[in-house]
Amino acid sequence: MTNLVEVRNLRIEATTDAGRLVEIIKGVSLDIGDGEIVALIGESGSGKTTVALSLMGHARPGCRITGGEINVNGKNMAALPEKERARLRGTDIAYVPQSAAAAFNPSSTVMEQVIEVTRIHGLMPPEQARKRAIELFRALSLPDPEGIGARYPHQVSGGQLQRLAAAMALIGDPKLVIFDEPTTALDVTTQIDVLKAFKSVMKAGGIAGVYVSHDLAVVAQIADRIVVLKGGEVQETGTTAEILSAARHPYTRELLAAFEPKPRGAQADADAAAKPLLRVDNLTAGYGAVRADGLPLIRAVHSVSLVVQKGRNLGVIGESGCGKSTLARVIAGIHPAAAGEIVFDGRELERAARKRSQDQLREMQIVFQYADTALNPAKPVEDIISRPLAFYHGLDRHARSKRVDELLDMVRLPRALRYRHPSELSGGQKQRVNFARALAADPKLIICDEITSALDTVVASAVIELLKELQSELGLSYIFISHDLSVVEAICDEIMVMYNGERVEQITPDKLKAPTHPYSKLLFSSVPKLDPTWLDGLVRDPELVSQYGHR
Amino acid sequence: MTMARTVSSRRSFLGHSYNLVGVVASLVILAWTLVAIFAPYIIPHPIGDIVDDDYFGPMRQGLWLGSDYLGRDMLSRVLMGARYTVGISLAAVCIACFSGVVLGMIAAVTGGWIDTCLSRFLDAMNSIPSKLFGLVVVAAVGSSIPVLILTLAVIYIPGAYRFARALAVNINTMDFMTVARVRGENTFYLIGSEILPNIIRPVLADFGLRFVFIVLLLSGLSFLGLGLQPPLADWGALVRENIGGLPFAAPAVIVPSLAIASLTISVNLLIDNLPQKIRDRDA
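Residue numbers (our numbering), protein chains in the order written: chain D, 1 to 551; chain P, 1 to 283.
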């Protein structure tokens, strides 16, 4: 046996609540050599995480490994008794979860949790384990390697926590580490540090890895080989360079195509004297007790001004915690501003939504990031979309039903979907319903708060295309909030960069290559490119990183 | 690609799956409900008539459940007792759950001082022991069916309120609530159309549990002589007035106890085994 991992004809079945068996992995085979990093890539529901977990002999509740062999380091994980598997987990095979924040126990220190593996398996005395952990912290370029172990999980940042999760996985000297979308929840500027740390540790230790992701650009930086999964079957396997340059399977091509920049066709600039639809002046908002000067204790948005022209789009970009979502909520009146004014369509708006007129509320709609929580799970799609029709337009039942059909057509959803509940829709479909509800109000401005962040690349680019089409049909304006530069670039006429609650720069997409503000420079240079040599070749100004990067 | 083997002991009906325990429990409840509705037409003897020469008579033909401490027909008294036990409890639990759930949702949605005032007031109510409260009310205004219903309802409002508020507070933080608020919806739309459909299942389960508590409390009050007054008798009162038959193993004391047990246990079992909606549409 030459390969560290040999999976042959793996089959996994799940039992639905009707007692029906569904095959979710249909004969997957893959090999991983010693020290090789293989990426599993595919859309959500393609089975990539299920395959990754099966390497530990684990199947999630309701699922069963029903066929095939999973040979890891010469042992068939599918056939071993559970006790044997438990012995191998943490020592031969380790796992880094998607959300480190959810994987750490908030009530004990980081160090205790990192060395827990050595205690469970009796690998080394605690003193030695602590020393080893500190070495790993240093290798993963965590700040203050000696001291960070004494902190609690809430005292370190998301990017650091993700690296600590990696340290936890690596302390048992595994031969194989499974990374389950470890950077999906991180900002681009943080993601780079985490990726670099992972890559150097894995290469230094000659550890083999499985990297699960739906982001091809991230995978291109870290993986030696890529396995493309769809519908529980392997679609295509090849080295990273092969897949990127000569993808054969249509699905892989689709994934790659989603990365092609699709710049907006220059909007007709004929009416250069277009009226501003929304003008925001010196808006300040925040949380906490109001102080003597009338401003809140913690200011999330600090003196931000912006203008949105009729029929044009403004992108707001920045890392998490920069105040971009608060800005959206302040403009929509959900979180009343502490100071500043909002002028919409020539009239000044009240700060709180409660005091605005019904027409003002109707003309400005907000669409949220997570369609899962933005759609009432207890109602069918039909009821969700028709409520604004009844509420704002007072349509009767018959007219509503007709309009719901039109709206579903508009967002390219089959009409039969109206009888379904949100839980019976895919992520992309939910986001379309979410959008259709905003359209039902006949708005002039739609505030889109990270609406593509929870979607796969391919689905997200389809949603963006839809938004563009609807704009030209209906003459809408969007405020598009995102941390993903390529998304904003694809749809916006102007881009505002926010950092720490303030507007640092406003530029147009054609000038993206030459941002002037140092933070914009750092942000734009941190967006991963499909080029596999990008990460290694990336040189960032250390001064910029120390000033703006959260390490 | 999908395999249509079925591997479950649960059966399905109308898009829901259910199991045997739930079915049996609901049949018992249905039977008691029918008895409660049709009791006056099916009782063999009027409940006040003395039909036996002996007291605590055994089961025999004509007197299927024996006779009570005055020689009255026990079957008739148990059947009529179902009417009072089920009827009073149901009325009380409806009032308690309706008021508690509506107030709880309003408190969760509006927040602020309304929430604080309601919560503190109902917490204070909650701190009064239920039997003592019943005792004081019955001593003050006397025992009648409307007084019993209202007393039982008031005792169980705070619990229903707390339960509904806790559920509604979670729903209230969801984005669809924010969307509905910026749409300009009023509180009644928010509680009725956005929150209620999301908490209705646990609320119904709580309704069932509270029904059981009320049956037991009503039986307890009647056992203490504070419930229905003779010759009317609910199951609790039947146990109390026939307690003297215990040394003789008289059916008169065992049967009403079994009736209370069968109803409350069935409601509990039904709540634990409610039909589950099948979400797998291809099945």
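Please note: incorrect hints may appear among the correct ones.
Under the rule of at most 16 Å between Cα atoms (straight-line distance), these lysine to aspartate or glutamate pairs were calculated in the EDC-like manner [stated by the list, open to error]:
id : chain 1 : residue 1 : chain 2 : residue 2
1  : D       : Lys355    : P       : Glu185
2  : P       : Lys277    : D       : Glu424
3  : D       : Lys402    : D       : Glu382
4  : D       : Lys379    : P       : Asp53
5  : D       : Lys203    : D       : Asp224
In case anyone wonders, no lab produced these hints; they're calculated from the structure.
Being a predicted model, the structure only gives us computed values, none of them experimental.
Hint check:
1. At most 16 Å may separate the alpha-carbon atoms for a hinted pair to count; Lys355 (chain D) and Glu185 (chain P) meet this at roughly 12 Å.
2. Straight-line distance between C-alpha atoms of Lys277 (chain P) and Glu424 (chain D) comes to about 13 Å, which keeps the hinted pair within the 16 Å bound.
3. Of the supplied pair hints, the one linking Lys402 (chain D) and Glu382 (chain D) holds, its CA atoms being roughly 11 Å apart against a limit of 16 Å.
4. Pair hint Lys379 (chain D) plus Asp53 (chain P) does not hold up; C-alpha atoms about 64 Å apart against a cutoff of 16 Å.
5. For the given pair, Lys203 (chain D) sits about 11 Å from Asp224 (chain D) by alpha-carbon distance, which is consistent with the 16 Å threshold.
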